[in-house]
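Start from the sequences and build out the full structure, keeping to the hints where you can.
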Amino acid sequence: MAIKIEHLNYIYSEGTAFEKHALKDVNLELPDGQFIGIIGHTGSGKSTLIQHLNGLIRGSSGTIYYNGENIYSEGYSMRNLRSKVGLVFQYPEHQLFEVDVFTDVCFGPKNLGLPKEEVEARAYEALRLTGLKEKYYKKSPFELSGGQKRRVAIAGILAMKPEVLVLDEPTAGLDPKGRDDILNQIAKLHEEQKITVILVSHSMEDVARYVERIIVMNKGKVMFDDTPRRVFEHYQELETVGLAAPQVTYLMQNLHLKGWPVRTDATTVEEAAAEILKYCGSGR
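Per the working numbering: the sequence shown ends with 750, consecutive numbering throughout.
Hints in this document: simulated from the structure, not taken from any laboratory. Beta carbons are placed, not taken as given, at the ideal position from N, Cα and C, and that holds for glycine. Hints may be right or wrong, so weigh each one.
As the list claims (entries may be wrong) - Listed below are the simulated BS3-like cross-link pairs for lysine-lysine, each with C-alpha atoms no more than 27 Å apart in a straight line: (1) K576 to K627; (2) K643 to K605; (3) K599 to K643.
Stated by the list, open to error - Restraint-style ranges between C-beta atoms, simulated for each label pair: (4) T482 to W726: 53 to 61 Å; (5) K486 to E671: 26 to 34 Å; (6) P642 to R695: 21 to 29 Å; (7) L578 to K643: 31 to 39 Å; (8) E480 to P581: 42 to 50 Å; (9) D566 to A638: 19 to 27 Å; (10) R695 to G579: 42 to 50 Å; (11) H700 to E736: 18 to 26 Å.
Here it is as structure tokens:
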């Protein structure tokens, strides 16, 4: 069991006129090797939640365990935790600061106190895994496109060999091709490296396509926690909190209402197409 969260609460500006209860009695288990999506409207608590996972924010109350150890216990090494639970922020500019890409990716493993040879080997391997071409390694990260910057930010985390990779809106602002490139690369990393991936996203299509489990946050609480298929069955309830199901879910619901005996729980274009073709091929 990688991460276990018990009765976690977080209150911003506690005791002031600006007090806000951002997380309310959150209980979750995030096992090793899962690909998890976290969704929720703005202000739902999803970004606050993920910043607790590597100790960037400390809960107002409650407990978080990483591999069975209480991260809030006295003497616990937050530095070690952050090398194991890597967080990639929504805006890569917040994580990039060195003179060139390669030096930036070296920063994390260098701070772990590793020998120069291993630091550089890790940086090369991390950049290879993210698919960034070698011609960019000596360029300033600020000369790169949005998608390339995200690859560098992800590589900087991967170079520390994390067991958990947390990504906060990694495709925000990208065009459709850039979004697909990044998510396909993340899915490939998950499959090849067997690391836990936690993806925060506003795109229902993206989470439906890539993740095996969805956690829905609403007003600081866990609203749903299940497979994409079962979560999106509650599309009408999701709409009441400012969310929606993938477009194909609505398509299949409409076809069913028009008398087509198709399954209504498709969550991806591929599933919907297969179901429609099956119906058309039946000669009905």
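Hint-by-hint comparison with the structure:
1. K576 to K627: It holds: about 12 Å lies between the C-alpha atoms, which stays within 27 Å.
2. K643 to K605: Distance ~23 Å between K643 and K605 Cα, so the pair holds.
3. K599 to K643: 17 Å, holds
4. T482 to W726: 53 to 61 Å: 56 Å, holds
5. K486 to E671: 26 to 34 Å: 31 Å, holds
6. P642 to R695: 21 to 29 Å: 24 Å, holds
7. L578 to K643: 31 to 39 Å: 35 Å, holds
8. E480 to P581: 42 to 50 Å: Since E480 and P581 have Cβ atoms about 44 Å apart, the given range 42 to 50 Å holds.
9. D566 to A638: 19 to 27 Å: 24 Å, holds
10. R695 to G579: 42 to 50 Å: Holds, since R695 and G579 (Cβ atoms, about 45 Å apart) stay within the stated range.
11. H700 to E736: 18 to 26 Å: 22 Å, holds
Checked against the numbered hints above, the structure breaks none of them.
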